[in-house]
Amino acid sequence: MSALIFIAIFGIIVLYLGFANNKAILAPVAIGGLLITMALSIKDWGVGSKYFHDMIMVDNFSIAFNVSMLIITTLIFLFGVNYYKRMEHHVAEQYALMIFALTGAFLMTSYSNLIMLFLGIEILSIPLYILAGGKKSSYRSNEASFKYFLLGSFSTAFFLFGIALVYGASSTFYLPEISTYIAQFNGHLPPMLMVGLLFILIGVSFKVAVAPFHFWSPDVYEGAPTLVTAFMATVVKTAGFAAFYRLLGIGLLPLPAALEKTLWVMTGLSLLVGNLAALKQSNFKRLLAYSAIVHTGFMLLAMLSQHDSAGSVLLYYTFVYSLATIPLFIIFIHMKRSAKGLEDLVIFRGLYKQKPWVAVFMTILLMSLAGLPPTSGFMAKYQVFTLAISQGYLAISIFAIIMAIIGVYYYFYVLREAFTDSDEPNPILIPFLNAALIIACGIAVVLLGLFTFTIPI
Amino acid sequence: MILLIILLLPLVTGLGILFLRNACTVRIVALTSTIVNLVLTFVLMGSSPAASFSAEWTNLMGIKLALGFDGISLLMLLLTNLLFPFIILAGFKREQKQVSVLNFLILLTQAALIGVFLSQNAFLFYIFWELTLIPIYFILLLWGGENSRAVTLKFFIYTLAGSLFLLIGIIYLVQLTPGIHSTDFSVLNQLHIPAATQIWLFWVLFIAFAIKMPIFPFHTWQPNTYTMASTQGVMILGGVMTKMGIYGALRFLFPMVPQGVLYWQNIVLVMCLIGVVYASVIAFRQTNLKRLIAFSSMAHISLMAAALFIYNYYAAQGLLFQVVTHGLTVVALFYMVQLIQDKTNTLELPQMGGLKHAAPKMAILLLMIVLVSVALPLTGGFIGEFLIIIGLAKQSIWMALFGGTTMILGAIYMLYAYQRIMLGDKNISFKNTTDLVRLDYWMLIPLIAILFILGIYPQPILNLVEVSANTMQNLLTSATGIVTTMSH
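Here the protein sequences line up with chains A and B, keeping their order.
With the numbering used here, you'll find the first sequence wraps up at 457, consecutive numbering, no jumps.
With the numbering used here, you'll find the second sequence wraps up at 945, consecutive numbering, no jumps.
In isolation and in its complexed conformation, chain A is listed as follows:
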């Protein structure tokens, strides 16, 4: 709880640091704040407490996810040190907005009341709408921001409507009470409750970009500044899944048959649509956006398996996915700079020739995303499949495996570009801090795979 309060206030402090007109102190202060938050979070481990009339429930699950998001945000801020060097104004706002978004994310991992979930989603989203439009002079960035805002508010409306309907039926916002209320119907839910639940699920699905509510994500990923894209692909996704899991885990499981079928269809669609679209992408950011949709499908598979260990599998999956994604964005931004702003896959050409070690780490990262051993991405997928098959979902697991094979194609397509010589080589410059980040993440990706752990949450 102290972590939540601290980070909310800390965001404002960072915002006012902007008046100091000293860009150099921003990142260290912000990272310091994140580390303090992390310490405050870990302090509560194993305690388990409730606040605000039980509207917030801080348990090991939420702490584990919070710490995971804090680590990832720290990496992104380290990336920001170099990324924001060229930016003259409003750098403090960028950091502050991300910290605000993180505050929302904290609410999303620890709510036990639908109103809190709504607040969390909004606190997370509104900074993102601004961040996506971070490049004010860029047409693409403005489009991304506007599109995200429009579709985001649309889905929020759905979500709110759903909450209202559920409240109308059950006269409560508390998830455990809703759960008991649903249980009394033995699966034959009244229409109002059913529609309400469906709308709530749609609202959450939009946030984590599950097909068919994914249309915003490629455009927003492409248009937003790369660092913000990295933030959205990792932290926002983690928060969204934590919220989703909590919604199902303490509220809605076992799902009514109709809703469960809907979610299974959405899982299948995410895997299929994401993959088929990714095959045709020539823009790296769009490719990663579609690949993120596919990963969403895998995570849904774990979540829908309805097993106690699904939470820790999700945690592991989101964490290693984020660890592999961030350095890829770092590599991408340097290749983009070297290629004078192009974002096509061909910009990776000549990477192996000029910076062989970066190409090696890129191999590891892409292997992890593709799910090849011995990287942690493989371990994550292995756990997901084990979970799904142990619960008897064999057919969809085989379908997911086929989708994973398609995934290998486009990841290795990118990799192949990196190992192809370039026709007109431009010098690739990678500053020390970013190089260190790439190496650290790459090594972590392998080590987490070799020494897989499960945190009991």
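Possibly wrong hints are sitting among the right ones.
Reference listing, derived: stretches of chain A covered by chain B, where coverage requires no fewer than 3 residues with Cβ under 8 angstroms from a Cβ of chain B [as the list claims (entries may be wrong)]:
#1 48 to 59
#2 361 to 375
#3 436 to 446
The calculated DMTMM-like cross-link candidates involving lysine to aspartate or glutamate, where the alpha carbons are at most 20 angstroms apart (straight line), are [as the list claims (entries may be wrong)]:
#4 336(A) - 421(A)
#5 353(A) - 603(B)
#6 554(B) - 93(A)
#7 353(A) - 552(B)
#8 280(A) - 177(A)
#9 554(B) - 423(A)
#10 23(A) - 93(A)
#11 336(A) - 423(A)
#12 147(A) - 177(A)
For the record, the hints were derived by calculation from the structure and aren't laboratory data.
Where a beta carbon is used, it is the ideal one built from N, C-alpha and C, also for glycine.
Start from chain A and add chain B according to the hints.
Leaving out everything else, chain B in the frame of chain A:
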């Protein structure tokens, strides 16, 4: 402990090599490492069979780092470690880019292959199985010939697709284990899976091995990949990696889904025999020497696959014998292909001819290898294929007849190719061609010597194989035993 050393030695040397600058030193270090590994393998063969290694790994589902071996894995290990010195040697004195990286990748492949053959649990097996793909992918991509980018990706996706089905199969099997789930082969072999499940599970497991071998119709990646690959790459692929498929089938299919094997046996046998005839006929029509040998290799592998699924004593013995000779022959043949290409600057058969005038010694050695390849009696190739065909004949005379076409058609296309390369008087374009140099003798003489000694005096290998064939026989009898009790 010795197992761990055998596994890690190539890996450690490989990593060390990356820091060496001089190409010559790199190759010598790599060669030394592989030779030491070969010696260690011989030591292992002499030691007690109880040598095994086991260590805790993760807290996840009791996955252990367990190494061990039985007759079949020992044979595969011997083959791997016997071939890799030659594979490294094949790169000596050649113009190659980034020699240290190349040798690192080759040694990494060796380590992964050894891991595959020594793993004692399915999870570890799968990790190494996939790990073999990564270095070979880069060997093919970066050192491959023209069109390597497209072909390599196809090869990679193709083989990986099979592997992922294998993963599903493994996870499914592990879920069936009682109590705390285990991935140990010894536990998985004890599972009594219902027949209906075995029937579909067979395919989930089998596809990975069928693609790796490759069996018709899963072979379409193979000819292009072989043609495009560098000499060393194709030696690894054809010499050792094809045997992974056979080994995997022995490790998984027979002990775990015996009824599935029996159910599909005839269909798979037909697929294998179609592969034999199809590959032989296509090989005959090839004008590119490397493609021709690729198809010839597929024909031989298909015959071996047929022997695998016929499962009687002769076929098993022949199969295991043939695993060794085929590996050696393929390496020797592809080295010859490389030499021919060096000397004639082409691989197209119609453009060749009369090379024997310029390189008479090479002509003799090539003839010897070709004779081994067409299974002439008194060569190593004969023993294996002969035993396999006896095994096929025990089942049905028709199968023996179709299986025998490898020998007949093989003789036709190999000798025809030999004629087009070496004979004739079209020697104008090769005026400056030199004959073999000392390095080539170092490479070829030992290989040919082993192949001929095995042909004249096969007993040492047959003794070694005896154990393996018996192990296999036991697996199979117990499988049939289960089936007969089920049917009563």
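Structure versus earlier hints - violations, ascending order: 1, 3, 6, 8, 12
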